[in-house]
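Q: Chain by chain, the residues run as shown.
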Amino acid sequence: MARQRRSDEYAEFATARAGHLYRSACLLTAGDTHLAEDLVQETFGRLYVRWGRVSRVENPAAYAQTVLTRAFLAHQRRRSSGERATDVFPDLPGAGDGDAPLRLTLLDALARLPAKDRAVVVLRYWDDRSVEQAADVLGVSSAAVRTRCSRALGRLRALLGEDLAEYARP
Amino acid sequence: MPEKQHQDPFEERLTAALRDTGGAFRAVDRTALVDAGRNRGRRALTRRRTGVLGGVAGVALIGVGGAMLLPSGGSDDGEQSSVASRATARASASAAAEPVSGDTILKSLKELLPEGEVSEEDARGSDEKPGPYAQVVFDDGEGAAAISLGFGRVEPGGSEVGQLTRCPDETFVPYDSCDSGRLEDGSTLRLLQGYEYPDRRVDTKLWSADLVTAEGQHVSVSEWNSPAQKGAPVTREDPPLSTEALKKLVTADVWRDVVAATPVRPAPTGSAPSSERERPPAVSGKDITQTLAGLLPAGLDVVKKGGQDTEFSYVVVDDGRGASLVQVNVQHGMDDVAGQLYASGETLLDGTRIATHQGVGDDRVPGVLMWTVDTMRAGDDGFRVVVSEFNNGSAHGRPTRDAPALTMDRLREIALSEEWDKLR
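So the sequences go chain by chain: U and F. Numbering-wise (our numbering), the first sequence opens with residue 1 and increments by one. Numbering-wise (our numbering), the second sequence opens with residue 1001 and increments by one.
Do not rely on the hints blindly, as some may be mistaken.
Said to hold, decoys possible - No more than 16 Å apart at the CA atoms, straight line, and that leaves these computed lysine to aspartate or glutamate pairs for EDC-like:
(1) F:Lys1129 / U:Glu58
(2) F:Lys1286 / F:Asp1185
(3) F:Lys1107 / F:Glu1215
(4) F:Lys1305 / F:Asp1287
(5) F:Lys1248 / F:Asp1185
(6) U:Lys116 / F:Glu1012
(7) F:Lys1247 / F:Glu1184
(8) F:Lys1304 / F:Asp1169
(9) F:Lys1110 / F:Glu1155
(10) U:Lys116 / F:Glu1311
(11) F:Lys1247 / F:Glu1311
(12) F:Lys1129 / U:Glu132
Claimed, not checked - Derived CB-CB ranges, DEER-like:
(13) U:Gly19 / F:Gln1290: 42 to 48 Å
(14) U:Asp8 / F:Ser1180: 52 to 58 Å
(15) U:Arg53 / F:Asp1176: 53 to 59 Å
(16) F:Glu1419 / U:Ser55: 54 to 60 Å
(17) U:Val57 / F:Glu1120: 24 to 30 Å
(18) F:Gly1351 / U:Glu166: 34 to 40 Å
(19) U:Glu166 / F:Lys1248: 47 to 53 Å
(20) F:Ser1180 / U:Ser55: 56 to 62 Å
(21) U:Glu166 / F:Gly1367: 15 to 21 Å
(22) F:Glu1121 / U:Ser7: 54 to 60 Å
Since the hints were derived computationally from the structure, they do not count as laboratory data. Since the structure is predicted, the reported quantities are computational estimates derived from the model, not experimental observations. The C-beta atom is built at its ideal place from N, Cα and C for all residues, glycine as well.
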């Protein structure tokens, strides 16, 4: 009975969040959609195990994002080349539409950041977390997040330059 | 601290670009993702009930290197950490001193500040999530200014100590002055006078002092020449506290008690020694610099070198006609994004894939060019070498010359050099 309820509640939450989590994972992995799927599954697995507590936290969606980010960093730490698919290329995001090259440029720039810096950028600018919240997710001090963030922005400015100009506000 | 939403234009564009790019990814099958997650969760629960620990990940977390400040009962990143974190929590519970409240931290801060008016006080105690902090607006009569105080723990002697206390690389983060050194008690202190926005589009100054004690206690004080970090107008020429006053504030003994009173738990992002061995070692930044320097044509002076510990490095060269930044990324395991990176490129006879770009390097500064040659060696290790150059000497300056110092042909030669394979 309890197990059924856990399962239903989990399914409802997970289905609602799957799209967003998957997109976050795609940015974290700089476009590696296979790894992104794996990380989302890992995240959901962890949420399922802890569902009793997760469902009571103030913001389960933010919690899920936190679990995803940590799963990504844990994966980066134990990554071995053997784990990576060598024969499958990820789908191009929105392939065929005019923005595709720009998206690839952004993903490439993200790929050139160290994993933790990339996680900081995704948390701050995609997930809209404050410096303090990002520090909490990553388990480092706010000062460390600031340091990483300003370094990552410096690198991204250099790598992206005018490529982002069309995102300028009118 | 709740941050104001105002961002500099680059940050706004980055946010928009991330939204657009992230939004373009569509989950293939949500139900499949949800079901697979449930199955993983069920398997983990079964393992737990039968007393089997979670394999590699479970072992990995026991050897945790870093630790963070978190109130007791804080969030947990998953079932595998339960054994390790419970053990650590028990070990540290007796060591943690009495909690220090947010009010006490504010009181200590006000006592240590010079004469002036303090308003908009905000703080968290050592047992509050996500860790202690204080923030006030201080006015010594010259204009209101935000001052904030943060606390943390890092692994003594670990790499994070350097990241927090080393002066940043001016090539990427401009600042007016920076001083980093060791104090008599073995602590490391960095005093930095920099800017809230690295491109200084808005001249909000951010001055900070970061102290890391020999035991790994981290205390950070930041101050601005504006009553908020972002988005509020500048109210004064400089932040109110001189570097000497900042030093006095950050080194006050009372802050060490705050860190000591904060419960420890293993960092979710702590090192994972047992699994670290499986990973191919990241190429050291020093080796990259050395290789790059060896490949530069004669007649170029290397006026500056720098980079990160691993995977990235740069040199600034000058051929007598102005500085030019040349940067290199060397990465393993990038084969899974090769399809994207080299979609518009060519494949050489030996299987090396190559893509070149010649574009604008900085939309805020007219005339900055960035030229890139991006290569990936044949093989299943996804070994990638990307060389880029600019017609200026830093990532944020005006152009110092008409074109970057190296021709595209020369850049290509450098990127394709067999010397890089020695780092493979």
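Q: It remains to establish, for every hint, whether it holds in the given structure.
A: Evaluated hints:
1. F:Lys1129 / U:Glu58: Roughly 13 Å between the alpha carbons, so the hint for F:Lys1129 and U:Glu58 holds.
2. F:Lys1286 / F:Asp1185: Violated, at about 31 Å.
3. F:Lys1107 / F:Glu1215: 25 Å, violated
4. F:Lys1305 / F:Asp1287: 12 Å, holds
5. F:Lys1248 / F:Asp1185: 14 Å, holds
6. U:Lys116 / F:Glu1012: Roughly 21 Å separates the two Cα atoms, so the pair is violated.
7. F:Lys1247 / F:Glu1184: Since the Cα atoms of F:Lys1247 and F:Glu1184 sit roughly 14 Å apart, the hinted pair holds (cutoff 16 Å).
8. F:Lys1304 / F:Asp1169: Given pair F:Lys1304, F:Asp1169 holds - Cα atoms ~11 Å apart, limit 16 Å.
9. F:Lys1110 / F:Glu1155: Violated: F:Lys1110 and F:Glu1155 sit about 30 Å apart, past 16 Å.
10. U:Lys116 / F:Glu1311: 13 Å, holds
11. F:Lys1247 / F:Glu1311: 34 Å, violated
12. F:Lys1129 / U:Glu132: Measuring from Cα to Cα gives roughly 10 Å; hence the hint holds.
13. U:Gly19 / F:Gln1290: 42 to 48 Å: Since the Cβ atoms of U:Gly19 and F:Gln1290 sit about 46 Å apart, the hinted range of 42 to 48 Å holds.
14. U:Asp8 / F:Ser1180: 52 to 58 Å: 55 Å, holds
15. U:Arg53 / F:Asp1176: 53 to 59 Å: 47 Å, violated
16. F:Glu1419 / U:Ser55: 54 to 60 Å: 56 Å, holds
17. U:Val57 / F:Glu1120: 24 to 30 Å: Between U:Val57 and F:Glu1120, where Cβ atoms are some 29 Å apart, the hint holds.
18. F:Gly1351 / U:Glu166: 34 to 40 Å: Once the Cβ atoms are compared, 35 Å apart, the range 34 to 40 Å for U:Glu166 and F:Gly1351 holds.
19. U:Glu166 / F:Lys1248: 47 to 53 Å: Because 49 Å falls inside the window, the suggested range holds.
20. F:Ser1180 / U:Ser55: 56 to 62 Å: For U:Ser55 against F:Ser1180, whose Cβ atoms are near 46 Å apart, the range 56 to 62 Å is violated.
21. U:Glu166 / F:Gly1367: 15 to 21 Å: 19 Å, holds
22. F:Glu1121 / U:Ser7: 54 to 60 Å: 47 Å, violated
The structure fails to meet hints 2, 3, 6, 9, 11, 15, 20 and 22 from the earlier list, while all remaining hints are met.
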